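> For reference, the chains in residue letters:
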Amino acid sequence: MSKDIRIKKGLNINLVGAAEQSTTKAVSSNVYALNLQDFYGITPKMLVKEGAEVKAGEPIFFNKNNEEMQFVSPVSGELVEIVRGARRRILTLKILADKEQRYHTSKKIDLQKADPSAIRSLLLKSGCWPFIKQRPYDMVANADMVPKAIFISAYITAPLAADIDYILSGKEAELQAAVTALSKLTPGKVHVSVGNTEKSPFANIEEIELHKVSGPHPAGLVGTQINIIDPINKGEIVWTIAPQDLVIMGEFLLTGKFNAERTIALAGSAVKSPKYYTTKIGAEISTFLYASGVNEENFRLINGDVLTGSKTSPDGYLGFYNNTVTAIPEGDDYEFFGWNKPVFDKISSTRALTFSWMQPNKKYDLDTNTNGEHRAFVVTGRYEEVFPMDIYPLQLLKACMVKDLDEMEQLGLYEVAPEDFSLTEFICISKQPHQQIIREGLDLLYQEIG
Amino acid sequence: MGIKEKLHQLKLKYQGKKMAPAFNALHTFLYTPNETTHSGGHVRAADDLKRTMNTVIMALIPCLLFGIFNAGYQHYSAINGFPADFSVMEHFITWDNFWLGAITVLPLVIVSYGVGLIIEFIFAVIKGHEVEEGYLVTGMLVPLIVPIDTPLWMLAVAVAFGVIIGKEVFGGTGMNILNPALTIRAFLFFAYPTWMSGDKVWVHGAKEGLTKAGSTDAISGETILGYLAQGNTSDFTYSLSDMFFGFIPGSVGETSTFLILLGGLFLVFSKIASWRIMLSAVLGALAMGLIFNGIVEFGWIPEYSKFYGLMQFDFWKHLIVGGLAFGIVYMATDPVTGSQTNRGKWIYGFLIGFLSVMIRVFNPGYPEGVFLAILLMNVFAPTIDHYVIRGNVRRRMKRLKNATILPKISDGKAKELKVETV
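Which chain is which? The protein sequence lines are A and B, in order. With the working numbering as the guide, the letters of the first sequence map in order to residues 50 to 499. With the working numbering as the guide, the letters of the second sequence map in order to residues -13 to 408.
What the hints contain is simulated information worked out from the structure, not anything from laboratory work. One thing to keep in mind: the hints can contain errors.
Simulated pairs of lysine to aspartate or glutamate, EDC-like, Cα-Cα distance not exceeding 16 Å [stated by the list, open to error]:
| hint | chain 1 | residue 1 | chain 2 | residue 2 |
| --- | --- | --- | --- | --- |
| 1 | B | LYS(-10) | A | ASP381 |
| 2 | B | LYS384 | A | GLU255 |
| 3 | B | LYS384 | A | ASP439 |
| 4 | B | LYS(-8) | A | ASP193 |
| 5 | B | LYS384 | A | GLU69 |
| 6 | B | LYS394 | A | ASP193 |
| 7 | B | LYS(-3) | A | GLU384 |
| 8 | B | LYS(-10) | A | ASP382 |
| 9 | B | LYS(-8) | A | ASP382 |
| 10 | B | LYS(-3) | A | ASP439 |
All of these numbers come straight from a predicted model, not from anything done at the bench.
Isolated chain B, as found in the complex (with noise of 0.2 Å):
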């Protein structure tokens, strides 16, 4: 008897039993259900909401990949000094990092994903429906978007708020109104503040006082808006391709805007992610940088403005640093949250790049902005949709003007009719 038998005649004993969904969760893992059409057509795509999620998580692996091997090279160049002739294999793809990436970002996973999914399934128990696979997906993000040191139990109590919160208390996935991802990262960030934030939480160590070989001074990791935050303009350490490609600190996922475009354009290709969502983003983003520039151009803002460094920075840059790009790809796309009209998308997307921009130069405290516009936008998702599908009801009442609403024939107006229509 195969293993398909044996899982089939657990399934039949498990029916109707409180733990099913737990069984059941674990046993579609390995196999399709054998569940046949019962009501409806008789055939269906092959598309379930299993292979959707798992889509998303095949295009944020290289981002995990690469975080982890980013983790080790930012506390080696950190401790040594950056390395002037860098070259990728030599320096970035080393055993060294990526030994103390995995020590370090994969107890992240493991602890996001083992919180989040017992909490899921003790709700599916209770309520008695099926573990659904949203949180495959947010149990990836959140390691992502987590500075490097985050203490574990901050992470296991930010991930029991999120997903209790953030989403079963509305019903579960699809019902959830916030990202659960970043209101897990809301969490942290506003209840362990100094661990979210400052020049020493982007590089492992740098907040236990590691110092510098053959010095005393601290290690330190600023992210690039940290820098900018700061009022300084110029003279970074890192080059544009740094920027783009990723080697610079910041939270563990985000920083590789290379890999985040090539997992950008596999979710738009294979049509799991919303294209328009991504691109309005973009656009939204672009405009805010522009008006910044504009800013800084007409001379509205004097230099010793603390608002001045970001708002000089080059608008299009905005897009290569920080958590922007990993935010649009990633979070402003879930389709549960986000807008669900095509038009709709549109706005929202827009709406999301241009304040993601604006609370980055903004906010005093924290030189990012992407996760709290995402949540502003996502609160106001349903009413950006309603306004659209208002315009399709208006449609469709300025129709009803012109309708031909015909008499009953027991009106007895039938001999009326007949003369129309003979």
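Bound-form chain A, shown alone (with noise of 0.2 Å):
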């Protein structure tokens, strides 16, 4: 039985350069990379030394703060390069892959019968621990605390991201795998959401919640879904994963093996024909992207979706969290008269001589200008439209700016992450940094109050 939740409060950002549904194998990387900047919160130490062989999924290194969370290599080959940066801190790992993959086997457990403390060490140790992310704080999660739910949106509204029902197709046992482990470590529910409940591999899985959720963007953001769905109260915590984890995490319980094999999609307007690749985590992003070709000499390569995603080059690596990449065209460009003259070809979340309200399917073609300079918050009731969590918005983000922690925890900071703000960073007429503000804000309710 599903339950429906209707979201009525966002916008579509309709970009040009949606991944063809056809996939690719992509040519195999020379070097995969680790950006440990992806495990928010953990501090590194290293198990290996530089120049060691590694297998795949082979503990690389562990989290400082609890010995048993282990990091694994994606692929099996030669611990290349520990890259540094400053007060020598770990900032990438690189390894040069073998061509012929070896795998570090575990031993497999009867996830029906196996109790929680024995599938909570194995995922520690297989290296799938952090694709499992908390809420509040929004970080690798703490192996030490029980969330009261864990939660998968399977229902995708960011632009040009995967089509998560396309990519794990065919895959539902490695799904049920997952989903029973991990029901296994909460008192509460899995909750899924998806966009479709008949075309989607979360179907027929059980001992899940499942929910169809329809809307506009952030309808697909897990963090509307658990506001509506069992919103996050001070003291509790919850568990967060993206579906494409779950099948590494199922594989691995299943066959005993860590394939950081995915399926991912490269979109944007700046790619020639964008579509699907399976990759692996850590991937050189060179090695599919020009599979595709590129449109523009000057462009945008994203490691994530338009919103959320980080900024990376094509000799940059797949993020361990990512199933898209994005290109879009650089906007390094001044506008003669662009702040009054009317706009047909940008979006926009008001009718000031700006016409996207008259064509709301149109695709765009938007570039990384930011369409004018950053000021003080000064319009107000914009940001509700399209945020449909029961908080005030601007005023959490002045909290976080002016550091008041009381007013940050009563405004509901523990609920949300910098990605359910993404929106309003988008249509900000103050061009303010929302998601930067409320990591910020995050970090020092952390700080402070752990």
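Quick one: dock chain against chain with the hints and give me the complex.
Here's what the structure looks like:
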């Protein structure tokens, strides 16, 4: 049985360059890399030295605050470089892949009979644990905490993001194994939200609470769904995990092997033939980017979707959590009287001589220009139109900016992640960095209250 | 090398220099900057603050043009008498009217923008931030809400006061508590009351003692509210359509309810101004007007009372005379000084309308209340928002009572959990 959730507030950002539903196997990358910034809230401690040979799925570092939590190599090969930044902080681990992949195998366990602590320690050792993120604070889940519920969003509304139903079709067995394991780690439910209850690979999965979601972006963001299904209170923990990561977790539970392979969407108007590729976590982006070709000299490459992804370059590496790589034109050019002439080729949430309201389904080719300068907050009532949570977005942002901890707590900072503010940031007339403000607010709250 | 490249090189040259904000203000006026996203999302919507402010200015232009013609029309009509067979094209939109209006109104506009923008530029350079666009609207509002013959030096002093004390000391655009345009208006009203009220300030030349054609009577021009405040109850020289379309004396841009209504609809349609504030302010004004009409109806107030004239004025007519419509559409909706929550906007707007009519009736010195009502509600807007937001916080606190806070694994209570979950 599914429960229906209808979201009214929001805005769909329809962009040119959606990935065509055909999947190609990307050429394998010479070097794979783990970008440690992906693991929010983790202080790494290395287990192997530079030059060591590792197998795919073999631990290479662990979490300093929880030695059980290990992070594994996505491929087998030689750890060729540990890139360090300021104060010797580890930024990136580069692994030169072997031609023949060798896997580190773990003992399989019987999921139906296994007790929670066995599953927990298996996931922690396997390298699958970091797929689980927790709220509050939007970081890798603290293994010492028990979540009140687990949320998985398989309804995708983010612009140009990979179609979950497409990339996960045929992976039902893996999904079932992963949710079975996860459902034992919480006394609550595993909530899964889908857009279409028949086509979704989750349609026949057991041990979940299925929700049918409809509506514009951010209906597909897990934060929106949590806020409606079972909002987070102070002191509560919920876990979230992305569907594509369930596949890797599920395959590990079924076979004992950590297989970092995933299907990703390469999309965006700067890509000549946007489509899907099968590749591995940490693969160099050029291994599939140039197979599709690029239209532009000057483009922005994004690990993730255009609203929440991080900037990268063709010699960058596929992020740990990403199932989408987007390329859009850079917008580092001036526009003559751009602030007062009628606008037909950009998206707007107003009708102030902007005409995107006339064609809600038109696809736009947006670039990275900010379309204006950073200003103080001036207008009001605009964010609320695209923010479906029961939270006052402007007031919460201001509380974060002035570092008022009480106010941050009371206005619901525990319930949000930076991505929940990606749409308010998109429409912000004052061009304020909402996601950064929320991230800094969460960091402060974590430091002070934990 | 085109102008775009030249300006780009100048921008690089000025980068980090003291005068950079001043240069950038001019540069970004011509070209939206080449700035790209560097944190969070990688794309942004088309609107910025300049576009927002520009939209408000566009909605004000019809009022300005009407004000220019009306200045001439009121002046010549006061001298020569109102035309009996009034026709818009023949008597209103004429070169004479336009010329007289232009030489009286445009200097107000120029002084308002000149003084205000110079102060904005100076503050931007001193504080090293970009010139923010808030004054673009303020500078256009100010000439529209003052009497036609306001001396330019007075206006300059008032603008300086309003921008510095009303806005910059709080941190500039977005930080002010009081609406800067109304702060300027209030400063003029309290500092130079004789220039701001009475029956001699609303028509160009009346203050200087111009006389009617072929007589020794000085011209005067009373606002309808001024007429009513003196206890008169009937026999206007102005018809209902004069009031609605704005062929009446008053501050420069406030008279034409029709054009204000169009401007308001444009602002609501373009989603720049809050329809909640506008609608609730209209409801508030009607409510207070009805109460006063009721008082008259029940005979609770004697006819010789000095409030009788304004109290018996039909409740809905309050909306089409005086500055109420202008204030509701263009100034109550200022997002910075108004209420910021949607629910708060209903309360805020309603009280503005309600208090405007109340002050209008009870103010003995000056029969108009909208600017005082808005300033008063500006002060109370944060309080309204506070209580609205507390509602949300209370809901969250209530939820907290049923929170599922589970023991940590390391507390050793994990065994209990096992029993629960397996």
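> Against this structure, judge whether each hint is valid.
Hints and how they fare:
1. B:LYS(-10) with A:ASP381: holds (13 Å)
2. B:LYS384 with A:GLU255: violated (33 Å)
3. B:LYS384 with A:ASP439: holds (14 Å)
4. B:LYS(-8) with A:ASP193: violated (60 Å)
5. B:LYS384 with A:GLU69: This hinted pair is violated, its Cα atoms lying about 47 Å apart.
6. B:LYS394 with A:ASP193: Answer holds: LYS394 of chain B to ASP193 of chain A is near 6 Å, not above 16 Å.
7. B:LYS(-3) with A:GLU384: holds (15 Å)
8. B:LYS(-10) with A:ASP382: holds (10 Å)
9. B:LYS(-8) with A:ASP382: Since the Cα atoms of LYS(-8) of chain B and ASP382 of chain A sit roughly 13 Å apart, the hinted pair holds (cutoff 16 Å).
10. B:LYS(-3) with A:ASP439: Given pair LYS(-3) of chain B, ASP439 of chain A is violated - Cα atoms ~44 Å apart, limit 16 Å.
In the structure shown, a violation is registered for the earlier hints numbered 2, 4, 5 and 10, in ascending order.
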